[in-house]
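Work the whole structure out from these sequences, hints included.
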Amino acid sequence: MDFTFTLEQKLLKENVERFIANEYTFDKRRAWAHSELGFSREHWTRFAELGWLGIDVTEEHGGLGGSAVEQAILMEAFGRGLVVEPYLTTAVLGTALLHHGGSIQQKQTLLPAIAAGESLIAFGFAESQSRYHLADVTTIARKDGDGFVLNGTKSVVFNAAGADTIVVSTRTGGASRDDHGISLFLIERQTPGLALREYATVDGGRAAELLLNDARVGADAVLGNIDNALPVIERVIDAGIVAVCAEAVGIMAALCQATLDYLKTRQQFGRPIGEFQVLQHRMVDMYVACELSRSMAYMAAVKLDDAEATERRRAVSAAKVQIGRAGRFIGQQAVQLHGAMGMTDELAVGHYFKRLTMIESTFGDADYHLQRFANSE
Amino acid sequence: MDFTFTLEQKLLKENVERFIANEYTFDKRRAWAHSELGFSREHWTRFAELGWLGIDVTEEHGGLGGSAVEQAILMEAFGRGLVVEPYLTTAVLGTALLHHGGSIQQKQTLLPAIAAGESLIAFGFAESQSRYHLADVTTIARKDGDGFVLNGTKSVVFNAAGADTIVVSTRTGGASRDDHGISLFLIERQTPGLALREYATVDGGRAAELLLNDARVGADAVLGNIDNALPVIERVIDAGIVAVCAEAVGIMAALCQATLDYLKTRQQFGRPIGEFQVLQHRMVDMYVACELSRSMAYMAAVKLDDAEATERRRAVSAAKVQIGRAGRFIGQQAVQLHGAMGMTDELAVGHYFKRLTMIESTFGDADYHLQRFANSE
Amino acid sequence: MVTATAFNSTLNQLAGASLTMDLTLSDKERAFQAQVRAFIAERLPAHIKRKVEDSLQLVKEDYVSWQKILYERGWMAPNWPKQYGGTGWTPIERYLFEEELALGSTPRIIPFGVAMVGPVIIEFGSEAQKQRFLPRILSSEDLWCQGYSEPGAGSDLASLTTRARRDGEHYIVNGAKTWTTMAHYADWIFCLVRTDSAAKKQEGISFLLIDMHSPGVSVRPIRTFDGAEEINEVYFDDVSVPAENLVGEENKGWTYAKFLLGHERTGIAGVARSKKQLARVKELAARELCDGKPLLEEQRFREKIAAVEIELMALEYTNLRIVCAEQAGETMAAESSILKFRGTELQQAITELLLEVIGYYAHPNVPQAIAQGWNEEPIGPAYAASIAPLYFNWRKTSIYGGTNEIQKNIIAKMVLGL
Amino acid sequence: MVTATAFNSTLNQLAGASLTMDLTLSDKERAFQAQVRAFIAERLPAHIKRKVEDSLQLVKEDYVSWQKILYERGWMAPNWPKQYGGTGWTPIERYLFEEELALGSTPRIIPFGVAMVGPVIIEFGSEAQKQRFLPRILSSEDLWCQGYSEPGAGSDLASLTTRARRDGEHYIVNGAKTWTTMAHYADWIFCLVRTDSAAKKQEGISFLLIDMHSPGVSVRPIRTFDGAEEINEVYFDDVSVPAENLVGEENKGWTYAKFLLGHERTGIAGVARSKKQLARVKELAARELCDGKPLLEEQRFREKIAAVEIELMALEYTNLRIVCAEQAGETMAAESSILKFRGTELQQAITELLLEVIGYYAHPNVPQAIAQGWNEEPIGPAYAASIAPLYFNWRKTSIYGGTNEIQKNIIAKMVLGL
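Chains as they are written, first to last, in the working numbering: chain A, 19 to 395; chain B, 19 to 395; chain C, 30 to 447; chain D, 30 to 447.
Keep in mind that the hints were calculated from the coordinates and are not lab data. Virtual Cβ for every residue (Gly too), placed ideally from N, Cα, C. Among the hints, a few may not be true.
[What the hints assert, rightly or not] Below, simulated DSS-like cross-link-like pairs (lysine-lysine); rule was C-alpha separation at most 25 Å, straight line: (1) Lys282(A) - Lys230(C); (2) Lys333(D) - Lys304(D); (3) Lys442(C) - Lys282(B); (4) Lys333(C) - Lys304(C); (5) Lys159(C) - Lys97(C); (6) Lys311(D) - Lys333(C); (7) Lys322(C) - Lys305(C); (8) Lys230(C) - Lys304(C); (9) Lys322(D) - Lys333(C); (10) Lys230(D) - Lys281(D); (11) Lys111(D) - Lys57(D); (12) Lys442(D) - Lys281(D); (13) Lys97(C) - Lys305(C); (14) Lys282(B) - Lys230(D); (15) Lys111(D) - Lys159(D); (16) Lys287(D) - Lys333(C); (17) Lys333(D) - Lys322(C); (18) Lys311(C) - Lys333(D); (19) Lys282(A) - Lys111(D).
[Claimed, not checked] One-sided and incomplete, this derived list gives chain D residues near chain B with beta-carbon spacing under 10 Å: (20) Ala205; (21) Trp208; (22) Met211; (23) Gly388; (24) Ala391; (25) Tyr420; (26) Phe421; (27) Asn438; (28) Lys442.
[Said to hold, decoys possible] Part of the chain D face toward chain A, derived, beta carbon under 7 Å: (29) Ser243; (30) Ala335; (31) Cys353.
Given below as structure tokens:
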């Protein structure tokens, strides 16, 4: 047993933390978020050069063949920086989709492109009626000759408009909410019949409503087995959960640090407010909640790769519950302890809080995962 | 609208509070609780003389014809005194059973005797498998000639051994847990086939396991309608809930007062511990929880008499949830803030805490009533 | 001021002397309620009602036009003595009025004039001030804002540094106020200013009324992270204020400020607005699906709503106890602090439920959708757009007007004697 | 001592340098675990195991006989240096050992000797003290108790007043200690006593070892409200203590006391015992009925258990991070305070679940049923009798050994620099 970072991991951690601290200032981040594209292409190229986009890409496909722990290290630092680049959708969900569902051909085509920063992926898995249930799929893929015709709508597809390829979950059989009868398709962004309605998200990102109106794809667009894609989807979403949990830990740590600094410097009643015992204990609760969350995020990262499916699901859901609750507590209290300052758009605090809040619902909220955990034994 | 006490109610309140303060010291209470009978017969006679036992008895039957609010005023003071006399079972549940289920004959026989302090009642409504569900009844009453033969076991029947008459819920029809098919019977304490196993309870009271082994009762022992007693049982238990809620409020207030006094007098680090802000805020939370509970207890008391069934049920369950949660919080924190002193058997604090804890589960815990409330609309 | 005996007094004193404890309305109260309800139904403009119902952004005209409607009916200042334009209602009638305003989806009354500076002028102002300011508050001709907080003085109000130097018949004011809600709408600001810097902290402060249109007053909006622009910084650069605008005595301003804090009880808990909002939670949860069924049928979520509903009931009946005790002529201590901190906790809890109801549709950021005059097709359900901003914005309620931590300090001191 | 940079250090430093992060046991660790597990299965007497499983009362003999079994195996003091009888295990092995002790339902090791006074003697004691006391602690020939708290000094330890006056080759001790767990079993007590009353509070305190069998020592049991008799008052009336029983230097006792606080980390969170207890919650919830089905099938209750289970996992993996960092050679700051306050919160939460499981059968008070040698028919289910007393008794865990409030003060100061 060894729940410590390896030397390589420490190096990675130092690198990405240095990058965030030196180059990813809050003002710059705001500018990138508001730009046409919504993020910085330069950064993306840099990420590729540093190998970050290829952590989950095997060496044969031009990646590093790393683990979820390295992804978590990156994501934690990205949390601190409130990074807007579409790492999660492309280099976590995208690569996982290919690893767990992709054919040799698909992997050979896409993984090197992802690692090189040349291909962006998005994943449409939610629908307006589905809430967090991955099997609640009504988008239809109808067999038509050699290929398929897709009709339906996918909701809140993160980073869809900037993606080159969008993966969508569809129903090819079974009744609504059946586990069986779900299939995945790779759709090129320019496919006729695919329309997007893009919007900004409250946390500074981008997403889109995705409309499929007789969108036609070839047989080679099928990702994984027809009708049996649910286990792949679950595995991929679990990888996404680990990534956002680590990101949330980075945010929580940043909020704790900012709040602690504020407590030490802000003077009221002739002394730093950090001398008030109620605020001290609140800060302790925040700090401890953050550390407990960090333990769970890395535990889930290890188990994502190492454990069998039931144990993996339990670990991932447990982490999501812990981080959902801790995130809400820390986010709200960081604002509260900053007083009226915490309400301003100018300070980073509110923006961290918004991203943490969005992570709460991403891939299922605490209630959903508590239920999944409770019923997993 | 008037959510204030009437002059008469204030007078009653002053009287009972004076009685508790002057005559119901903690040491005496301990002695009565440990006595053979488990309470003081003298007190009981006194209660009768003061009219307290007849609050829920109409004037024609020798009572005061009062309301649940007056009962709540008494119970709140009884809470402060940790009164061990069987007021709840006889003068709340007992009278309510007769009012809502009793025949003219039964009322004429028993209500005057209750008001006069000459008859004690107990109510066996729970069974080992039933948890808090009043319709989960397996004790069987079988028609036999003019009368009935009863077989089964009732669990944790409060004050059963000292009672003259015990009312039990039985199944006369329907399947287990059906609402229909439940009947109530009055059983004289000395009835052959009725056996009790008495024990002390952790809060200083008494209860018993009640075994019915071919216990035979006459047709006149039926209380209310055969097969249709559930609504009566629910109404009676709701009255019991209001009473224990008020009792809990008295306990909470006593714990708050004791804790506040301790905070002001106990010195640590050269000052009263009440100067520590964390303890101040904890005390504020306790105080507010107590006041919110008081509002709910009296609200439920008013609605018990005045409201139609659905509104009554919602009010009563809401009060029980509030008081269950506040009681746990205040009880635990009163012990915590007293430090090691709070753990001792010598101080009243632990005993208040124990009674509060037992009230939590009496007539259904917070989870049960939250469910009842949520599903009542 | 009530101290340690609090457990046996204040709230516990369900005072008065009527025939029975009764939680139903009397015929007279019911008639009053019906009258208010009918008036609101008839006179509240539909477009304003819709904005309030859907938590959309209100603009100045929305507030003012509704306040003028109330003013015409004579209902603008139920908390004022009748001689100054109050209604002469009992505490219970005032409570019912507030409740109907909430249930009828009316805009909140801007508190700075009628609820805050008005009572101070009535209690401590000169006859001239009363005649000059009170009618214009009633009619909403003047909108007010509050100049208390400063960049360096938040919870520690008394450490303020905005100075007012006497210069003949004027004060010359220099300094800055911050977190000033609605300053960009306001015609007047009531300010705490330092008039004696030699005196101890809380002494040497005066209560001054300043025309926002005076030369030297400037307003800078402060954007909050939810995207709203409702608070501001207000700068005073050699602003000349006639000495007649001093309320009461020089250097006694702290007394007037304390009078104001905790003066207003009715409505501070916001129970009725919370009930309305909780009904909205249920309505939306009945429309959202979970496993093919309405989310509201999910037992877990029903009970989550129920838990908040019960906490709200507890606050409601505590509020009613206080109102009824007031009706019976009792004086209160720190009840407003209790109502405020519990009230805001529950308001926030309800926004959390709203957020949970809409799931992924909390993500889209569509500020246009909650602003005036947007008619495009919504992203996801139409009701979703306002919810995340509401959740974010509502974090302010436990901060503004004295943080909840400060409220607990007040209760500890004033009620518990700690 | 770590300060503000804590967020980037201490726990965050997942230090060391192995090939991969790995939460499974190595072959060597697995073999170690199996060895411990087999030993416990073989040697733990069945009647003791049953008592621990069912939360029944343990008597002195239960503790001592199990400790002697461990002693014979050489496993009594894994926290001691090998030269004094320690095991030489790694931090991870020690963690695994603690876990097996818990999962195997062994009695807790009485901490006062091996975990508390032992390390102090090893660090600060004379050679003679080491030779005299350490072997008898290992063998459980001497049982110890702790003389820290006094009637007037609880959390504020340093204000103690028990005096030790030097008289030739002896100290004469007068005063009283309280909340002394297991004093009625103990042969020795380690005491903080005041040797210089002129000195400032924390100076002038010495660390003295006192034979409980000395003339002038008397013990009065303090009954706790759950009915247990495990704590005591200890009185010293002109007790003569040989000067050789002073540990270290006179008036330096506070330093040794601080060393002791926070010295022991492994096992302080009690994760494994809590896991065992949580398994018991599930087991009992599977036997209790609700609407004719096992309570465990009630979704609400399942999720309630799950919520605690997740919190326990978070504590477990945090504990493992700390153990692995220790293994990698890091020094720690206030981690033991974190483990203690979270650990006790969860222990208490689990007793709440147990209480809820048994419903009405929490009411019967049957102290005989949890004492040795009761064989009558139980009232209700046999497992019920011990649960309310356990719930009540376990309230102590957030009080004894420094209240949870004190633990948070320590974290605020030592980790956060507040």
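Here is how each hint holds up against the structure:
1. In summary, the hint linking Lys282(A) to Lys230(C) is supported, as the alpha carbons are separated by about 23 Å, within the 25 Å threshold.
2. Restraint check for Lys333(D) and Lys304(D): satisfied, since their Cα atoms lie roughly 15 Å apart, inside the 25 Å limit.
3. A hinted pair counts as satisfied when its Cα atoms are at most 25 Å apart, and Lys442(C) with Lys282(B) qualifies at roughly 12 Å.
4. The suggested pairing of Lys333(C) with Lys304(C) holds, with an alpha-carbon distance near 15 Å, which does not exceed 25 Å.
5. Between Lys159(C) and Lys97(C), the direct Cα distance comes to roughly 20 Å. Compliance with the 25 Å bound is thereby established for this hinted pair.
6. A threshold of 25 Å between alpha carbons decides the hint, and for Lys311(D) with Lys333(C) the separation of about 24 Å falls inside it, so the pair holds.
7. Taking the CA atoms of Lys322(C) and Lys305(C), the gap is about 24 Å. The hint holds against a cut of 25 Å.
8. Proposed proximity of Lys230(C) and Lys304(C) is contradicted: the alpha carbons are some 42 Å apart, above 25 Å.
9. In summary, the hint linking Lys322(D) to Lys333(C) is supported, as the alpha carbons are separated by about 23 Å, within the 25 Å threshold.
10. Straight-line distance between C-alpha atoms of Lys230(D) and Lys281(D) comes to about 12 Å, which keeps the hinted pair within the 25 Å bound.
11. With a C-alpha separation of about 20 Å, the suggested pairing of Lys111(D) with Lys57(D) holds against the 25 Å cut-off.
12. Of the supplied pair hints, the one linking Lys442(D) and Lys281(D) holds, its CA atoms being roughly 23 Å apart against a limit of 25 Å.
13. Among the hinted pairs, Lys97(C) with Lys305(C) is consistent with the structure: their alpha-carbon atoms are about 24 Å apart, no more than 25 Å.
14. Taken as a hint, the Lys282(B) and Lys230(D) pair is honoured in the structure, with Cα atoms around 23 Å apart against an allowance of 25 Å.
15. The straight-line distance between the Cα atoms of Lys111(D) and Lys159(D) is roughly 14 Å, inside the 25 Å bound, and the hint therefore holds.
16. A hinted pair counts as satisfied when its Cα atoms are at most 25 Å apart, and Lys287(D) with Lys333(C) does not qualify at roughly 46 Å.
17. Between Lys333(D) and Lys322(C) the alpha-carbon distance is near 23 Å, which keeps this suggested pair within the 25 Å criterion.
18. Between Lys311(C) and Lys333(D), the direct Cα distance comes to roughly 24 Å. Compliance with the 25 Å bound is thereby established for this hinted pair.
19. Under the criterion of a C-alpha separation no larger than 25 Å, the hint pairing Lys282(A) with Lys111(D) is inconsistent with the structure, at around 44 Å.
20. Hint status for Ala205(D): violated, given a least beta-carbon distance of 14 Å to chain B, over 10 Å.
21. At about 5 Å, the closest approach between the beta carbon of Trp208(D) and any beta carbon in chain B falls short of 10 Å, and the interface hint on this residue holds.
22. Hint status for Met211(D): violated, given a least beta-carbon distance of 15 Å to chain B, over 10 Å.
23. Look at Gly388(D): its Cβ gets to within about 5 Å of chain B, closer than 10 Å, so that hint holds up.
24. Interface hint at Ala391(D): satisfied, since its Cβ lies 6 Å from the closest Cβ of chain B, which is below the 10 Å cut-off.
25. Because the closest C-beta pair between Tyr420(D) and chain B is about 7 Å apart, less than 10 Å, the hint holds.
26. This hint holds: Phe421(D) has a C-beta 7 Å from the nearest C-beta of chain B, less than the 10 Å allowed.
27. Because the closest C-beta pair between Asn438(D) and chain B is about 9 Å apart, less than 10 Å, the hint holds.
28. Given the 10 Å rule on beta carbons, the hint for Lys442(D) is violated: about 14 Å separates it from the nearest Cβ of chain B.
29. Because the closest C-beta pair between Ser243(D) and chain A is about 42 Å apart, greater than 7 Å, the hint is violated.
30. About 4 Å separates the beta-carbon of Ala335(D) from the nearest beta-carbon of chain A, less than 7 Å, and the hint is met.
31. For Cys353(D), the suggested interface contact is upheld, since its CB lies about 4 Å from the closest CB of chain A, less than 7 Å.
Violated hints, in rising order: 8, 16, 19, 20, 22, 28 and 29; the structure is consistent with all others.
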